[in-house]
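Protein chains: 2
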Amino acid sequence: MESPSYKNLIKAEDAQKKAGKQLLSSKWYPGFHVTPLTGWMNDPNGLIFFKGEYHLFYQYYPFAPVWGPMHWGHAKSRDLVHWETLPVALAPGDSFDRDGCFSGCAVDDNGVLTLIYTGHIVLSNDSPDAIREVQCMATSTDGIHFQKEGIVLENPPMPQVTHFRDPRVWKENNHWFMVVGYRTDDEKHQGIGHVALYKSGNLKDWVFVKTLLGDNSQFPPGKRAFMWECPDFFSLGNRSVLMFSPQGLKASGYKNRNLFQNGYILGKWQAPQFTPETAFHELDYGHDFYAAQRFETKDGRQILIAWFDMWENQKPSQRDGWAGCMTLPRKLDLIDDKIVMTPVKEMEVLRQSEKIESVVTLSDAEHPFTMDSPLQEIELIFDLEKSNAYQAGLALRCNDKGQETLLYIDRSQNRIILDRNRSGQNVKGIRSCPLPNTSKVRLHIFLDRSSIEIFVGDDQTQGLYSISSRIFPDKDSLKGRLFAIEGYAVFDSFKRWALQDANLATFSNDAC
Amino acid sequence: MESPSYKNLIKAEDAQKKAGKQLLSSKWYPGFHVTPLTGWMNDPNGLIFFKGEYHLFYQYYPFAPVWGPMHWGHAKSRDLVHWETLPVALAPGDSFDRDGCFSGCAVDDNGVLTLIYTGHIVLSNDSPDAIREVQCMATSTDGIHFQKEGIVLENPPMPQVTHFRDPRVWKENNHWFMVVGYRTDDEKHQGIGHVALYKSGNLKDWVFVKTLLGDNSQFPPGKRAFMWECPDFFSLGNRSVLMFSPQGLKASGYKNRNLFQNGYILGKWQAPQFTPETAFHELDYGHDFYAAQRFETKDGRQILIAWFDMWENQKPSQRDGWAGCMTLPRKLDLIDDKIVMTPVKEMEVLRQSEKIESVVTLSDAEHPFTMDSPLQEIELIFDLEKSNAYQAGLALRCNDKGQETLLYIDRSQNRIILDRNRSGQNVKGIRSCPLPNTSKVRLHIFLDRSSIEIFVGDDQTQGLYSISSRIFPDKDSLKGRLFAIEGYAVFDSFKRWALQDANLATFSNDAC
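Chains A and B are the protein sequences, given in the same order. The C-terminal position of the first sequence is numbered 512 in the working numbering, with every residue numbered one higher than the one before it. The C-terminal position of the second sequence is numbered 512 in the working numbering, with every residue numbered one higher than the one before it.
Each hint should be verified, as a subset may be incorrect.
[Claimed, not checked] Computed cross-link-like contacts, DSS-like style, restricted to lysine-lysine with a CA-CA straight-line distance of at most 27 Å:
| id | chain 1 | residue 1 | chain 2 | residue 2 |
| --- | --- | --- | --- | --- |
| 1 | B | K428 | A | K386 |
| 2 | B | K17 | A | K428 |
| 3 | B | K401 | A | K440 |
| 4 | A | K250 | B | K440 |
| 5 | A | K199 | A | K223 |
Please keep in mind that the hints were generated in silico from the structure rather than gathered at the bench. The structure displayed is predicted, hence computed values, not measured ones.
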């Protein structure tokens with residue numbers, strides 16, 4: 001029987017097919033980040049290793065480069081690097097998901113690829129809270145075509161709750177568990193974010209267990225999180241991790257500088273009790289990182305991918321017909337009670353050429369270089385002990401008209417600064433992460449056509465901090481320089497690799 | 001009798017006369033800061049109000065724009081704004097000041113303008129410590145021509161001391177007192193800075209009283225000050241102020257970022273005992289501020305002028321034959337146990353035209369303007385309470401090639417930042433001062449052709465912090481903009497005045 005949303009799916013797939021490869025000519029289209037073939041992308045969904053392949057779904061609106069009724073786009077990969085776009089997996093339009101197939105997860109239910117997602121229904125356009133959100137299921141045996149199974153969890157924890165979304169399901173001791181975000185309201189209709197815990201024996205009948213955690217911070221209404229989106233709950237090292245995306249945290253100092261955040265609380269899990277043992281930490285220090293989702297590889301690595309954009313940030317690529325992409329897949333580890341993230345080792349297959357400069361010492365000076373491709377991996381080892389420059393680091397994607405993206409160590413702030421105020425297209429702002437207390441700082445950088453991801457390491461640990469931001473430089477802004485301002489800087493080594501365009505390579509091999 | 005230095009004085013005066021007005025064509029020559037007619041200037045010396053006029057002497061080498069055997073240059077003014085250059089006051093070359101007439105002070109000794117300065121003699125070029133420094137006197141009745149009186153204080157506090165300089169003399173209860181800087185050495189020949197106190201009944205016979213204060217900080221050798229230069233000791237409000245210029249303080253965080261510092265310690269004075277009651281505070285937060293000297297006006301104001309440059313900072317004006325200038329005269333007040341500095345009110349006579357813009361509100365936007373002269377006074381009131389932009393402020397002296405000097409409020413650092421990394425001529429570096437905890441921030445700015453001075457006020461107090469830095473923009477970099485990055489900014493008022501060129505006006509009226 002044909003569901004009411006079937007024709008929406010066909011329309012979406014037509015739009016995607018019609019777009020074809022034309023976006024490859026967009027000057028900001030990524031070469032090695034998952035990006036929609038056309039239109040809009042936000043949250044990653046349904047990350048899973050299934051029957052020998054990695055699957056990545058995503059919030060998708062293929063008809064225009066703006067948010068619209070959410071579909072699930074779909075891509076798969078054998079290596080986490082080359083991603084093949086698949087037919088659109090879900091389209092909205094059924095009674096239970098009329099206005100959107102919102103975020104969710106995927107599980108392997110005895111060989112059936114099972115998606116659990118939020119069906120979103122707008123009850124009135126008068127209020128953003130006049131909505132109904134229910135948890136739905138869709139299944140597939142071939143991993144490509146999905147059959148909607150309708151609602152599996154209808155009732156929120158309390159009847160008055162309307163914001164109730166982003167289910168994440170896992171199996172533990174032969175039971176299915178689900179965490180899902182919801183919002184309660186205080187007497188002033190100020191929201192409070194929570195994560196609910198549900199349990200099921202069959203993925204279809206869910207029982208509310210308890211509220212796993214909620215924003216009980218002492219902040220007054222308006223300063224605490226009004227909603228916790230995209231929860232995930234998993235083990236890492238000897239800890240349990242509650243990861244989520246709080247909305248409404250107030251900026252303070254270097255913290256919470258983006259519109260919405262994405263981070264985690266560590267604690268102890270003794271089902272069904274989660275005892276938080278740390279404060280909330282943001283996962284990434286850049287401008288564009290939200291709604292991260294995690295999955296486990298066959299070899300037991302925990303891998304995370306986030307939406308590499310942010311609500312309300314300017315999106316100049318909309319002029320070219322697309323908006324949004326995914327971050328690099330990052331391996332998660334727990335070191336000294338902090339989650340550290342490193343790009344997956346698979347990325348190394350893209351390295352095409354290597355330029356190595358050994359010790360570069362600068363004293364109030366610059367060391368210019370030229371990049372032969374906008375797709376670059378850079379590894380820079382900075383000798384913190386031997387350097388005393390007030391500011392020292394790199395300028396990237398520079399031209400002769402003052403365009404530049406700066407990444408540098410600042411000794412007065414004791415932080416590593418990313419400054420995109422002159423990166424191009426009026427997409428501005430600075431972000432920073434702490435400067436590790438170490439003798440050598442390792443900056444591991446990935447530059448794509450419209451992004452920079454920086455992984456900061458110290459003597460012992462890689463990926464202590466990451467800074468992920470979108471930048472929109474001119475196509476020919478390919479100059480760079482190392483620099484030291486007010487003092488000297490010792491760079492122990494400076495390696496650069498031009499990277500292969502994985503998206504182009506995949507398109508060329510695809511029939512799509 | 002003609003002293004051996006007399007022909008040096010004639011040569012110096014010839015060099016100055018020969019230079020005439022030619023420097024007025026230098027694109028960076030200040031319009032309203034005291035600047036040498038030719039050659040090199042450093043410390044202000046002998047500041048005094050004498051017979052109805054303000055006198056300012058200065059460390060001077062008129063033969064080249066580099067440091068050389070020090071003379072005393074001389075200028076006078078009736079209004080602290082227009083300064084007439086006078087004949088060179090002192091030249092080195094006598095037995096007691098063979099290699100330099102180093103810094104010192106002036107007192108009015110019953111109508112005789114009396115200079116007390118350091119005679120500097122190099123004993124060997126093998127070591128910077130192989131010197132002899134003695135305190136000398138010169139007198140004048142007309143305030144223009146000086147008669148050297150030779151040594152008045154020969155012996156340092158301890159026989160092994162060789163660095164012994166920068167006498168500052170005042171009268172108190174019918175006694176003359178002198179503070180003078182000196183350096184002792186520890187067993188590793190690491191210097192320790194001190195200020196000695198001397199006493200005299202006649203300005204000529206001085207008796208060592210005690211060491212007023214020394215660097216007894218617990219820092220290890222190499223991190224404490226190895227010398228305290230240019231001491232001054234005076235009353236302000238209900239406190240006594242020991243002002244001096246320590247050398248060798250290590251940079252830490254935002255502090256001590258210049259090669260050498262200039263600041264003060266507040267305390268209690270019960271002659272001959274000074275009891276320090278505060279830590280050392282730097283006077284100014286900019287790149288270029290050293291060796292400040294203070295004097296009292298007829299109407300009882302304490303006025304301070306500093307050397308508006310810094311050892312080892314680049315001096316692009318050397319290519320035009322000059323280097324160094326003085327800061328604006330600043331009125332000192334003691335507010336809440338801090339010295340605050342405001343430009344003297346006399347500066348207002350230079351205002352030529354006024355442009356007033358009332359409330360400017362920006363949201364992730366810019367508000368451009370053009371300056372019709374590089375000589376500008378700007379007053380900007382920033383509504384801190386109503387603004388939430390991550391960075392908001394002004395770009396000044398901009399051109400279309402990326403040249404700009406940035407002054408902005410940074411909410412993550414909670415500081416006001418001056419960024420001259422793109423100001424021109426490779427003269428770089430950032431400096432910052434605390435952001436006052438206030439509802440409105442007042443930024444009072446003076447732009448000269450090669451400098452910016454910023455006075456920061458809060459709701460109650462003007463001049464809480466000052467940031468003084470030299471900049472070397474292109475002549476035609478006359479654009480500016482208000483800006484707000486990542487959020488909105490409310491500027492309550494934005495006033496600009498083009499300022500008259502006081503130096504040009506004075507030159508035109510002079511016979512020099």
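Hints, verified against the model:
Between K428 of chain B and K386 of chain A the CA atoms are separated by roughly 21 Å; this keeps the pair inside 27 Å, and the hint holds. Between K17 of chain B and K428 of chain A the alpha-carbon distance is near 52 Å, which puts this suggested pair outside the 27 Å criterion. A threshold of 27 Å between alpha carbons decides the hint, and for K401 of chain B with K440 of chain A the separation of about 35 Å lies outside it, so the pair is violated. As the CA atoms of K250 of chain A and K440 of chain B are separated by approximately 21 Å, the hinted pair is consistent with the 27 Å bound.
Restraint check for K199 of chain A and K223 of chain A: the C-alpha separation of about 32 Å exceeds 27 Å, so the hint is violated.
Against the hints set out earlier in the document, violations occur for numbers 2, 3, 5.
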